[in-house]
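J.: Single-letter residue listing:
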Amino acid sequence: MQLLILTVVLLALTGIGFSTGRRRALAVVEGNPRLLHSLPNHHGYLVALWCGIPALLVVVGWLAFEPSLLHALVISALPPELAEMSDERLSLVYNEVRNVALNGQTAGSDAVAEAARHYLSLRQTLFGATAVVALVLAVAGLAWARGHIHRDLRARNRVERVVTVFLVMASTVAIFTTIGIVLSLLFESLRFFHFVPVSEFLFGTAWSPQMAIRSDQVGSSGAFGAVPLFAGTMLIAGIALVVAVPLGLLSAIYMSEYALPRFRSVVKPMLEILAGIPTVVYGFFAALTVAPFIRDLGTSLGLTVASESALAAGLVMGIMIIPFVSSLSDDVISAVPQSLREGAYGLGATKSETIKQVVIPAALPGIVGGVLLAASRAIGETMIVVMAAGLAANLTANPLEAVTTVTTQIVTLLVGDQEFDSPKTLAAFALGLALFTITLALNAVALHIVNKYREKYD
Amino acid sequence: MNSQVTAHRPQGCAKVSARSLSVHYGEKHALQAVDLDIRAGEVTALIGPSGCGKSTFLRCINRMNDMVEGAKVSGSLTLDGSDIYDRALDVVQLRARVGMVFQKPNPFPKSIYDNIAYGPRIHGLARDQNELDEIVMTSLERAGLLAEVKDRLTESGTSLSGGQQQRLCIARAIAVGPEVILMDEPCSALDPIATAKVEELIDDLRENYTIVIVTHSMQQAARVSQRTAFFHLGKLIEVSDTEQIFTNPQQPLTQGYITGRFG
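Chains as they are written, first to last, in the UniProt record's numbering: chain R, 1 to 458; chain W, 1 to 263.
Hints are supplied without guarantee of correctness; some may be wrong.
Straight-line distance between alpha carbons at most 30 Å, and here's what the computed DSSO-like set of lysine-lysine pairs gives [what the hints assert, rightly or not]:
no., chain 1, residue 1, chain 2, residue 2
1, W, Lys197, R, Lys268
2, R, Lys351, W, Lys104
3, W, Lys72, R, Lys452
4, W, Lys110, W, Lys197
5, R, Lys452, W, Lys28
6, R, Lys356, W, Lys72
Read the hints as simulated data drawn from the structure, not as lab findings.
None of these values were measured; they are calculated from a predicted model.
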C-alpha cells in the first residue's frame, strides 16, 4: 500500500516534470518554439526522465534488496543462543519471525516475538529511508533538468537516446531469459551427471527413475537410460508426421492451386483454428475417444492393443500439427512465381503436371522447412502424450504398444513432492536439456532452409 | 533480305486468323472486335501503348487467358482454320502447337537439360533417351545456346545469365516442336547485348516458325518483324507491312505513336 502511494507520487512528479519542462522551454524563447533546437515536448520529456528514472531506480533497488538486507539485519540482532544454531534451523527461525510479524502468528518464544517487532520496525525504517531518497532524487532531478533548459539544448537527441536504451533493454529481456533457462538447465544437468554418468544417460536402455529415500531401502538403485524415452518420442512424432505431412501438404496444394477464392477464405481460417485448440483438449480427445477406438478396432482385428497406445497419441498429435504443415506449405506454394506456372502451361503442361513437376519442386525447400518446424513442435509436445501415451518406458517400434516420451517423463518426475537434489528430480533437467538441444537444432535447420529458399525469388 | 522471303511466301496463307475477336476482363472490354491475320513463316510484331490489348491478343492464341479469372472471349480465332476456342479442342495439344516465351525469363528450377526436356517428356515426344538427347541438343543448337552451355547441361537453369535464360526459354519452347511461337516482350528484362542475340535468334527462327512478338520497342519491331499491327485502347488501329507502318502510316494515331507523340 505504502509502495503504491510512493509510486503514484513519483509518477505524478514525473508528470509535473513534463509540464514544467515544456513550459520552461517555451518561456526561455518567449513563446516562439521555432527558436528552440528541440520541440517543447522533448524538453518536457527530458525533465520528466530526469525526474522519474533515478527515483524509480531507487525504488526498484529497494524492492530487490529488501528481503536479503532484512534477513541479514534481523539474524544479526538475534539473541546469541538462537544465532548460534545451524543454518537450516536459523532459516526456520527466520521464517517463524516473518510469520509472526506479517501474518499475526503467535510467537513461540519471547526471543522470536522480540525479533518480529525488530523486523517490523526495521522494515518501516528502510522503507521510509527509501521513500525519502526517492522523493529527494525526483525533486532534485526535476529542478536540475529544468534549470538546464536553454534554447540550444539538444533535448530531442537525448530523449531519443534514452528511448533507444529502453528498446534495447526490451529486446534483450527475451534473449537473457533464454540464456538463463539454458544455463539453469545446464547446471542442474551437470549436477545430475554427477550422480549418473553421461554415457549411461545417453545410451542406457533401461529407464526406471526410482531412487531410494533412505540409503538402506530395498531397490535403491534407479536406472536412468534415456534411450527408451527418445525412442518413444521419435515413434510418436514419427506417427504424427506420417499423418500431418500428407494431409497438410495435400490440403495446402488444394488450397493454393485448386480452391476457389471463396472456399479458400472460409476453409483456411478454419484449418488454422486447429492450431488454436488447447493441447489439453487434444489430450483428452486422444485419451478418451481415439485410444479406446483404436483398442476396440485392434481387438476386433485380433490384435493386442495397449489402452494407451503410441498410435493414438501419434494420430491426434498429427491432427494437431496439420496447420503447421499446411499453413507454411501454402505460403511457400503461393510464393512460387506465377511466371513459372505460366511457363509450364505455355509448354502444354496440365495443371497436375505443372504442380507436380514445377511448383512443388520449386517450393520444396520451404515445405521441408515447414515439416521440420512441425516435427520440432511434435517432439516438444507435452499435454497429448501425458494424457494419452502412458508411462511405461518400453523400447519398442510397435505403435500398438504403450510407450512414453521425454516430455511425459519430465512431467511425472516433477509432479508431486520431490527433493530437488535427488537424481530423480535432476533427471528432468537433463531430459529437458537433451530435448531443448534437439528442437533447437531442428528449428535452426528449418529456418536455414526456409531463408535460403526466400532469397531465391524475392 | 526481307523482300526476298516475302516474294517466296505463298500469299493469303493465314496461320492464325481472328475475326471480330473481343475479350472482356469482368467489366473491362480489353479487346474490341479485332480482325487480324497472322501469316505463316514471318514475324508479326504487335505494338501499342500499355493496356492497348496487344498482350491480351497474344494470350488468346494459346488460351493463356483461360487462367485469368473473369476473362471472357467472343468472336472467332482459328489456327489453320480450326477454332481455338472450340470446346472439343484440347488446350494441352493447342499449347504444344503454340509455344510461348514470356517477358521475364522463367526457367524452371531444374537443370538446363531438364528444362529443355520438360516439354518433350510431358508430351511423350521421345521414344528413348537417345531421341530425347537429340531433341535437347537440336533445340539448344537452334536457340544458339549450345556452344555456351554444352559442358554444363546438369547445372541449374537459374544459374545462367538473363539473356541465356531467355534463350533457354526459347529453346524450351522449340523443343516441343510448335508451329507458332508467341513472345511477350521477350527482351524487356535484358541488356542491349542479350537483346541483340535474342533478336538475331528470332530472325533465324522465322523460316521454320510463325512468330508473334509483343514489344514496346519500335526499333525492335522494325528490326525483327515483317508485319506490324498497331493496337490502341483495345482496338486494332492499323496492320500492314512493317516498312509501310514505319515509313508511311495510314492512320493519324499510328503516325502519332511511332513518332513518339504519345504512348
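J.: Does each hint fit the structure? Answer for all of them.
T.: Against the structure, the hints come out as follows:
1. Distance hint between Lys197 of chain W and Lys268 of chain R is unfulfilled; the C-alpha atoms sit about 47 Å from each other, more than 30 Å.
2. For the hint pairing Lys351 of chain R with Lys104 of chain W, the CA-to-CA distance comes to about 21 Å; that is within 30 Å, so the pair holds.
3. With a C-alpha separation of about 40 Å, the suggested pairing of Lys72 of chain W with Lys452 of chain R is violated against the 30 Å cut-off.
4. A distance of roughly 24 Å separates the Cα atoms of Lys110 of chain W and Lys197 of chain W; the hinted pair therefore holds under the 30 Å criterion.
5. A distance of roughly 40 Å separates the Cα atoms of Lys452 of chain R and Lys28 of chain W; the hinted pair therefore is violated under the 30 Å criterion.
6. Our distance criterion of 30 Å between C-alpha atoms is met by Lys356 of chain R and Lys72 of chain W, whose separation comes to about 28 Å.
Hint compliance for this structure: hints 1, 3 and 5 are broken, all remaining hints hold.
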